[in-house]
Structures are given as C-alpha cells and as structure tokens.
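Taken in sequence, the protein lines are chains G and E.
The first sequence maps to residues 103 to 453 in my numbering.
The second sequence maps to residues 306 to 584 in my numbering.
Certain hints may be false.
Some chain G residues judged to face chain E by a derived CB distance under 10 Å, without partners named [what the hints assert, rightly or not]:
| # | residue |
| --- | --- |
| 1 | Arg117 |
| 2 | Phe121 |
| 3 | Thr122 |
| 4 | Gly126 |
| 5 | Ser188 |
| 6 | Tyr189 |
| 7 | Leu205 |
| 8 | Gly216 |
| 9 | Ala218 |
In case anyone wonders, no lab produced these hints; they're calculated from the structure.
Idealized CB from N, CA, C, for every residue including glycine.
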Amino acid sequence: MSAAGRMSLRNVVKRYGTFTALRGITLDIEPGEFFALLGPSGSGKTTTLRILAGLETVDEGTVMLDDADVTHSEPGERDVAMVFQSYALYPHMTVYDNIAFPLKMVGMKKAEIGAAVRAAAAKVHIDHLLDRRPGQLSGGQQQRCALARAIVRQPRLFLLDEPLSNLDAKLRLETRVELKKLQRSLGVTTAYVTHDQEEAMTIADRLAVFMDGNIVQVGTPETVFARPNSIEVATFLGNPPMNLLPGVLCGRALRVGQHAVALAHDYGSTERPVMLGVRPGAFRIDGAGIPAQVDLTEQLGDSVIADLRVADTLIRVRLPERTRLAEGTQVRVTFDAEDAHLFDPETHARL
Amino acid sequence: MKRSTIRTVVALAVAMVLLLVWAFPIIWGLITSFKTERDVLAYPPTVVFHPTLSNYWDVLFGATSILPNFTSSIILAGATTVLTMLLAVPAAYALARLALPAKRATGFYVLITQMLPPVGLVIPYYLVFSRIGWLDTYRGLVLIYLTFSLPFAIWLMVSYFEDIPHEMEEAALLDRAGRWRALWHVILPQARGGIAVTLIFVFLNAWNEFLFAVVLGGNTVRPVTVAMFNYISVEQTLWGKLAAAAMIAMLPVILLGLVAQKHIVKGLTVGAVKGGGRR
Numbered sequence: 103m104s105a106a107g108r109m110s111l112r113n114v115v116k117r118y119g120t121f122t123a124l125r126g127i128t129l130d131i132e133p134g135e136f137f138a139l140l141g142p143s144g145s146g147k148t149t150t151l152r153i154l155a156g157l158e159t160v161d162e163g164t165v166m167l168d169d170a171d172v173t174h175s176e177p178g179e180r181d182v183a184m185v186f187q188s189y190a191l192y193p194h195m196t197v198y199d200n201i202a203f204p205l206k207m208v209g210m211k212k213a214e215i216g217a218a219v220r221a222a223a224a225k226v227h228i229d230h231l232l233d234r235r236p237g238q239l240s241g242g243q244q245q246r247c248a249l250a251r252a253i254v255r256q257p258r259l260f261l262l263d264e265p266l267s268n269l270d271a272k273l274r275l276e277t278r279v280e281l282k283k284l285q286r287s288l289g290v291t292t293a294y295v296t297h298d299q300e301e302a303m304t305i306a307d308r309l310a311v312f313m314d315g316n317i318v319q320v321g322t323p324e325t326v327f328a329r330p331n332s333i334e335v336a337t338f339l340g341n342p343p344m345n346l347l348p349g350v351l352c353g354r355a356l357r358v359g360q361h362a363v364a365l366a367h368d369y370g371s372t373e374r375p376v377m378l379g380v381r382p383g384a385f386r387i388d389g390a391g392i393p394a395q396v397d398l399t400e401q402l403g404d405s406v407i408a409d410l411r412v413a414d415t416l417i418r419v420r421l422p423e424r425t426r427l428a429e430g431t432q433v434r435v436t437f438d439a440e441d442a443h444l445f446d447p448e449t450h451a452r453l
Numbered sequence: 306m307k308r309s310t311i312r313t314v315v316a317l318a319v320a321m322v323l324l325l326v327w328a329f330p331i332i333w334g335l336i337t338s339f340k341t342e343r344d345v346l347a348y349p350p351t352v353v354f355h356p357t358l359s360n361y362w363d364v365l366f367g368a369t370s371i372l373p374n375f376t377s378s379i380i381l382a383g384a385t386t387v388l389t390m391l392l393a394v395p396a397a398y399a400l401a402r403l404a405l406p407a408k409r410a411t412g413f414y415v416l417i418t419q420m421l422p423p424v425g426l427v428i429p430y431y432l433v434f435s436r437i438g439w440l441d442t443y444r445g446l447v448l449i450y451l452t453f454s455l456p457f458a459i460w461l462m463v464s465y466f467e468d469i470p471h472e473m474e475e476a477a478l479l480d481r482a483g484r485w486r487a488l489w490h491v492i493l494p495q496a497r498g499g500i501a502v503t504l505i506f507v508f509l510n511a512w513n514e515f516l517f518a519v520v521l522g523g524n525t526v527r528p529v530t531v532a533m534f535n536y537i538s539v540e541q542t543l544w545g546k547l548a549a550a551a552m553i554a555m556l557p558v559i560l561l562g563l564v565a566q567k568h569i570v571k572g573l574t575v576g577a578v579k580g581g582g583r584r
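Only chain E is shown next, with the shape it has when bound in the complex (with noise of 0.2 Å):
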C-alpha cells in the first residue's frame, strides 16, 4: 500500500518533469510571440511585460503575410493526406489479409523505402522535376510526399488490419455482406483507432516537411515552414512574428489531434471476443 504511494508520487515526478521539458518550448514560443521586439531582445528575460497582438496581426494581415503559405500547406498536406489514406488503407487491408504471391517480399519492400535518406534524392529529384517542369507545383510536391508517406501509412496500418481477428470477416460473409461490404461495414470501424493515427502522423509530416519544399517548391508553392524562413534575414531575426507563425503554423496540427483524440481511444473492442480487448 505505501509502496504504490511511493510510486504513484514518482511516477507522477517523472512524468512532470518530462511534461516540462516537452512544453518548455512551446511555451516560450508562444510567449515570445506576444512579445514586442525590444522584449524579446531584453537580457535576462523578463516574464513579465506587456503583451501585444502586433506580431499576429502583422504575420496574417501585413506585408509579409503568411496567410498564402498557410493555405499552399494546407493543399500540400490535405493532398497527401487524402491521397495516402484512399492508397494505403486497401493496400494495407491486403497485405494484412490477404494470400498474395511474394506478400513477405512486397513488405520488406515497403518498408526499405523508408531507409532511404531524403538529402540523397533531393537533388536528382530536382533534376528531374526541371526537366518535366513540375517545379513549384502542387502535383510535384505532393508526388514527392506520396513516396514517403505511402509506404509509412502502410506499413503502420497493416498491424492495425492484422490485430482485428479473421473471424470478424468470416461472420461478415456468412451474413453475405461479401468482400467489400465487410471491409466497410465491419473491419473499417474496428480500425478507426489506428486509421486516425496514421492519418495524424501523414498530415503532421507532410505539413512540418521543409527540406523537399524549400528545394522543389518556389514562389508558388511555399508552405508555411519555408514561409517563415522570410523572418530571419541578414541583418536581424524578427522573432516575435517568427514565434507568431510558428504558432499559427503549429494550430490545424493541434486541431486534428483534439478532434481526433476520441478515435484513438483504444478499447474499442473490449468483449468482442473472447479473451476481452487489445492493450
């Protein structure tokens, strides 16, 4: 009995100071951008001072207005996202399921794709896309995108697929709801979980990508986080708009996790079959 106070209190300790490590940043980040410049700059920090909303009003509505970056990452990440996800889920469904000739081949396959090093094909990539002239488009990036995230998205949904026991479908096709109906009707909610994962990690990668877009992108398409390089310049580093946009930039992520979080509460097929859930 003490002894589980003891570990509850340093379980807690632990998880507090991981806590602080996690969030110090971004909540540096976000005071910073209600800062004024001359603050920031102030030494040592202060804590306390003035707060102004001028770094967001100028990052949105002035000059150097991120708002068209905001929306080209939003078609970048929208695009790959549903891409991805329309690619990867039957992929993944078959891998997991069914009979294929070389199933263990195409597996490894899938996932040696990842091990390839992206600084390695920026520069053949680029050669390429000048010549076919898909620089600074939509479809080029996203293609990009596609070649990363794919093999990722599958290759994480497959253990989801593969968690969801045979007899679900078996059931499903003795009720003659067929192949199809029973990926709908019956495997796909039981899925949700880990759909909503991989959906979150493939928006979250395509919406922080930098080096891809700051190479083959250009006055077209340019995402917010090569956008918010215009912050830094030669002469000086404007951090409080830097921290602005960065917050900005860092919202739809938040958004999607919080809208999202109910789909990923695991549990879902507690009783379903004998032996209770999945952990």
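Isolated chain G, as found in the complex (with noise of 0.2 Å):
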C-alpha cells in the first residue's frame, strides 16, 4: 500500500447540461474509514464516487487524495479500485483472468500474479471458481469476483457503489457482515454508496447524507440518527420513519394539540410553532398521554407497529410485543423529554 488514503472533495460542482447534480460538496473521509455516502436516489452520491473515482470530471472545486491533487487525474492514475453496482465482470475472462487483470495491466510478473489471485480469491471465498466464467456464477459469486478485483492490487481506495443490491435478502446481510470484517482486516479507506438507511447504519464508520445534490449530515451512524439536523435527515433515517407532529413551543413546554408535553430544555418565552419529531420506538401507553385513536395494528413477532391517529396526524410507533390494542379505540401515548427532537417548521432545520 502506497499511502495511508485521505480522500477529500472541496465544493465540487458537477453539472449535466442544465441539471446541477452536486452543488458544493465538501467531503474528509479519512484513512482506513469505511465511509458510507447515504441518500434517495438522484441525490448525487452515485456522481460523488464516480467523481472520486476518476469517471467523472468536476466543473468546480477540486478532488485530494493524501494531499496530492488529482482533480485532473485519469481512473488509472489515482490507485482507487471499483466495485460497480453491475459488477462489470469481464464477461470473456474466466474468474482468474477477471481478477488477475489489473496485475497484468501494470506489468507485474506471473508466478506474481498467480499467488495474489489465488489470495484474493481465498479472502472472498471463491478459490474453487477460479475456471469459471462470470456466466456461470450465481449472483453472490460474481459480486465476490468483482470484491476479489478490487483487492488484488491493494488499492489505496475502494470504492463501492451499491455493491449488494443485486444480492437478495439474506445474502445481503451476510455479505454485510462480511464485507465490514473484509475492510477492516484490509484496513483499507473505503467509500460505500447506498439508499438504504439500514445498510449504511451499520456497517459504516461515519456517513454523509446526500439530499437534492447536497451534503446535508455527516457523522457516525449513532450521532446522524440521535441528532438529525433537519426533518428530512430525521424522516429518511429509521424504519418507520420519525413521526412529525405539529406543536406549539414555549419556555420549557411544547403544546400539541390541547396536551402540554415538558421538554428538557428553555427554548425561551416567545411562543412560537414547530414541528415535533419522535422515532416510532420512543413512544410507550400511559393514561396521562397525547389522545390518539387505533386505526391500524400490525405483529411483528418481537414487537407491535400501531398506526394512530393523533388529531389529523398518522403516527406510527412501535410498541412491546404483547400489547394488545383493539382498532378503533382510544389511547393515551407519550415519550420522554429526550427524545423531541424539535424543528423548524420554515427552514426544517433542527432547533
């Protein structure tokens, strides 16, 4: 390994023709991290990596790698390795010749190249597949092959775009699991892109929230979901997403509705409207709560998904596994303090 693999994006701009698809990132993803880069589809996250990558050229800003300029730099010259949604096996290759390829683009010797196939292909699991030909795998080898192509060569950054959502359900949790043990014992800085909240949860060390062409959060999975600083950071984090419920704050109390809730800090004297966020896990049954009518419930097995209706809100919270709520009637539901998260309701911003 070349260098340690400081990666960094300095208000880089990109545009398609008129469409502005990053509008001023800045990104420090710092040596060894595995770092996720998390958002809806068509937020720019996809461009992002592409952009690290060397795929894309920027309009503004510029692109470091360990200090060095690359902003201008070609794929080939920047030691970053890929793993494409599709994978891109070379199709005509046999799995050896696919993972042995970048050695032989840069020269290095066979008897060379034969070992650190064959060690990449062990670390991934499919050394007894090294004859076949991509055709001939099941989908979670070939995203192995392309995984073993990537770390042949020991890059200084790995970059992954949605390396599992080809995989189904279960495999993708294994090779979850899999890929953060491969990263770690690697210790190489890794970007990962995806949509989905769960998979950047946890497997990444720190992650960025994509919205709308911009860095919206960035920070450990925990503090990203503990402290959202905006409601749609709040509602895109978590299954189900956070309640937003319309209140009423003043000094240390929070009306919603015609139900005072007392908050844990002085938000100050002037009343003034917010909007009012609390994770569906947070709230419990308790006589003195917020009214709310059943209109729905639904088992999980280990836990209760109830759909309430509070005023003209649907809510949705999670409930322990034996509450039994009958649809159609009333109850009474609260939370602690700490767990408002409280917005503004012009600029969505936390409070």
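Join the two chains, each given in its own frame, into one complex according to the hints.
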C-alpha cells in the first residue's frame, strides 16, 4: 500500500447540461475509514463516488488524495479500485483472468500474479471457482469476484457502488457482515454508496447524507440517527421513519393539540410553532399522555407497529410485543423529553 | 400443451417451406454442375443422370479456367475486408463511445452515403479513373468498394459497441488498462460476434460485386462474378460450366460462414452484467 488513503472533496460542483447534480460538496474521508454515502436516488451520491474514481470530471472544486491534487487525474493514475453495481466483470475472461487483469495491466510477473489472485480469491471464498466464467456464477459469486478483482492490487481507496443491491435479502445481510470484516482486515479506506439507510447505519464508521446534490449531514451513524439536523434527515433514517407532529413551543413546554409535554431544555419564552419529531420506538402507552385513536396494528413478532391518529396526523409507534390494542379504540401515548426532536417548520432545521 | 405441439409442427412446416425456397436454386445449381450439356438441356429435366466432373475440370484447368479470376476475387474482397475492418472498428467505437462534436451529424452522413444508387456513380467513376489511369487496377476497385463497405460496416458495428455497457471500459480504466488496452482486451473480445458478422457481410458484398467490376475492371482485374459470363455467349450458354463456376465461387463464402459461425453465437456476455445477457 503506497499511502494512507485520505480523500477530500472541496466545493465540488457537477453539472449535466442545465441539471446540477452536485451543488458544492465538501467531504473528508479519513484513512482506514468505512464511509457511507447515503441518500435517495438522484441525490448525487453515485456521482460523488464516480468523481472520486475519476470517471467523471468536476465543473468546480478540487479532489485531493493524500494531499495530492488529483482533480484532473485519469482513473488509472489514482490507485483506486471500484466495485460497480453491475459488477462489470469481463464476460469473456475466466474468474482467474478477471482478478488477474489489474495486475497484468501493471506488468506484474506471472508467478506473482498467480499467488496474488489465489490469495484474493481465498479472502472472498471463491478460490474453487477460478476456472469458471462470470456467466456460470451465481449473483453472490459474481459479487465476490468483483470484490476480489478490486482487492487484489491493494488500492489506496476502495469504492463500492451499491454492491449488495443485486443480492437477495438473506445473502445481503450475510455479505454485509463479511464486507465489514474484509474492510477491517485490509484497512483500506472505503467509500460506499447506498440508498439503504439500514445498510449504511450498520456497516459504516461514518456516513454522509445526500439530498438534492448537497451533503446535509455528516457523522457517525449514532449521531446522525440521534441528532438529525433537519426534518429530511430525520425522516430518511429509521424504519418506520420518525413521526412528525405540529406543535407550539413556549419555554420548557410543548403543546401538541390540547396536550402539553414538558421538555428538557428551555427554548425561550416567545411562543412559536415547531415541528416535533419522535421515533416510533420512543412512544409508550401512558394514561396521562396524548390522546390518539388506533387505526391499525401490525404484529411483527418481537414488537407491534400501531398506526395512531393524533388530531389530523397519522403516527406510527412501536410497542412491546404483548401490547393488545383493539382497532378503533382510544389510547394515550407519551414519550420522554429527551426523545423529542424539535425542528423549525419553515427552514426544517433542528432547533 | 397440445397447443404448443401444434405450434411446433406449424413452425417446422413453415421452416421447411422456407428452406426449400431458399435452398432450391443452390441444389439445382449443384445438380446442374455435375451434368453434361446434353443432360442439362433434356426436357423434362432429369433428376437421375450419370454425373460427371468434366465441368469442374474445364472450369479449373481448361482453356477458360477461372482460377486467375478466383485469385482476383480473393485479392479484391480480401483487401476490401481487411481495410474496412481496420478503419471501421475504431471509427464505430469512437462513434459509439466518445462525446465527439457533431456525432449525430457524422452518423447520419455515414448512413446517407448508403442511399446513393451505384448506377449513378459508375459512369463518373469511369471518367475519373480513365483520367488518372486507375482503370483495371486493384487499388481503383478496392477504393470504390471501400466507399460502400466502410459506411455500412461502421453503421453496423456502432450498435454492437453501444450494446456493451460503459462500465466495461470504466472497470478497465480503473484497472489501469488505459483507453487502447481497454479496447483491445475488454471491448473487442466482447464485440467479437458483431465484428464477425460485419466481416462476413463486407467480404460477401465485395465478393459478389459485379457492376463496378465489369465497368472499372479489365483483363488484369476480373473477378469471378465477371469471368463467369464467359460461359454465356451469343451462340450458346454452357450451363454445366456456369453452374460449376458458380459452385466454386460460392465456396469461400460458405467456408467463411462456417469458420465464423461459432463467433456469431450469442449469449457470450450472459451474467456479466445484472439482468442477464443481451438478445
């Protein structure tokens, strides 16, 4: 490994004709980090990854790799490896030749190539498939082959574009764990694009949330989940998503409909409208709480998801498994003050 | 279940009829080539006759041997094919991939050259060639053939290159292959089928060409297509020899088809990219 693998973007702007894909992205990925680029489709995360790879040019801003300006470098000059969403295996080559290709291209000796290919294939458990062609592999095996081709030359930076999206649900969970172990054992800086918030939360050391060509929040999964800095981030992370209830804030008290909730902080004595955000799991049944009508309940086995109607707003709450709520009845729900997220209804920013 | 059986039977019957229609002239020609002139002219036509190789002997080694013309055809078609492929492969790749200015206009221009009727061109070409002394030369005819085969080959191959996912080059570029090695190691092997098909078409067109060859050729450059007409004269038509010459003229094309067949087999890229292969 030639260098640490620190990647930085400074005010990167990317336009496609009149469409602005990235509106000034600034991002630092630390050496050895597993970093997720998370966002809905069309938010610019894949464009960002392709810019890191050198497959897209930038219209403004700079791309730095270990303190060297690589903004205008060709993909081959950057010493980065990528796993494409489609895997992009070379269909006319065997698995062995696919993995060996990047080594052949830099003129490595045959004997060394053989050893390196076998080692990389063993790491992802496909060393028994080296003579096959990609067309003869299952989806999971193809994905491993693409991984092996990327790790075989020990790049400075590892770029993964939704690598698990073509696998079935069970395999996806297994591969997710393996991918994280693999990244830990290799210690290579990794940028990982996904639209699956659960995937990003479980796999990443840190993540950046993309919305509309901007990065709206960067942090560890825990902090982004616990302290989302806008309504958009709050509702994007978590399943079911965070509930939003309009309310009025005054001092340490929040009024939701006729009901008052005590808060942990004092927000000043001027009365103003706010948007209250509460995660589904933070609610509990409490006789002194906010009145709500039960619309529907879903048994998940280890918990119950209940759709409740509070005034005109529908909320989804997660309750303990043995909770029995008859549909159409009235209940009262409450939550702890520290579980309340307050947002400005105009700017959508966290208060 | 019953329905699919009926469908199979109908499909087979249609295929048989089509095959008969297509193969009949060739089979008849083959039969004729083994007949003596008397058997050829027998009426009603005989199917049972005493086969002879004398037609082939005469056509190959007789006074009016077509062997020199055969060589002529091979040089013309071979040179046209090699030059076309050398120029068309990179051109088609560029048209399919690079963000060239006026790319659409170029593509349209390539196609529109195919719309000129050859009969309208043959006289001007004759006048130009007679002025610069290119009549009855290989360079002259090959140049003319290129004006038709090159646009055709480019147009045909662009679609093959466009079918190959962009990720292929991108993966190769990230693997530090560079543009040229990405083309050579990754793209061209995947376009093999398309290249084989194009190559056969180009060779076939050049091999079959008659109009330009008869006007712009001469005693030095006279391909088989033109030479075969020596067997049709004012007094008589030597059907047996004509058929034998035709069979020999067909041989290289059939051989080429057989050799290239396995490259044309589809499904080479199945499983490389999500969603399976291309149709």
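The hints, checked one at a time:
no.: 1; hint: Arg117; result: violated (15 Å)
no.: 2; hint: Phe121; result: violated (16 Å)
no.: 3; hint: Thr122; result: violated (19 Å)
no.: 4; hint: Gly126; result: violated (25 Å)
no.: 5; hint: Ser188; result: holds (4 Å)
no.: 6; hint: Tyr189; result: holds (7 Å)
no.: 7; hint: Leu205; result: holds (9 Å)
no.: 8; hint: Gly216; result: violated (17 Å)
no.: 9; hint: Ala218; result: violated (14 Å)
Hints 1, 2, 3, 4, 8 and 9 from the earlier list are contradicted by this structure; the remaining hints agree with it.
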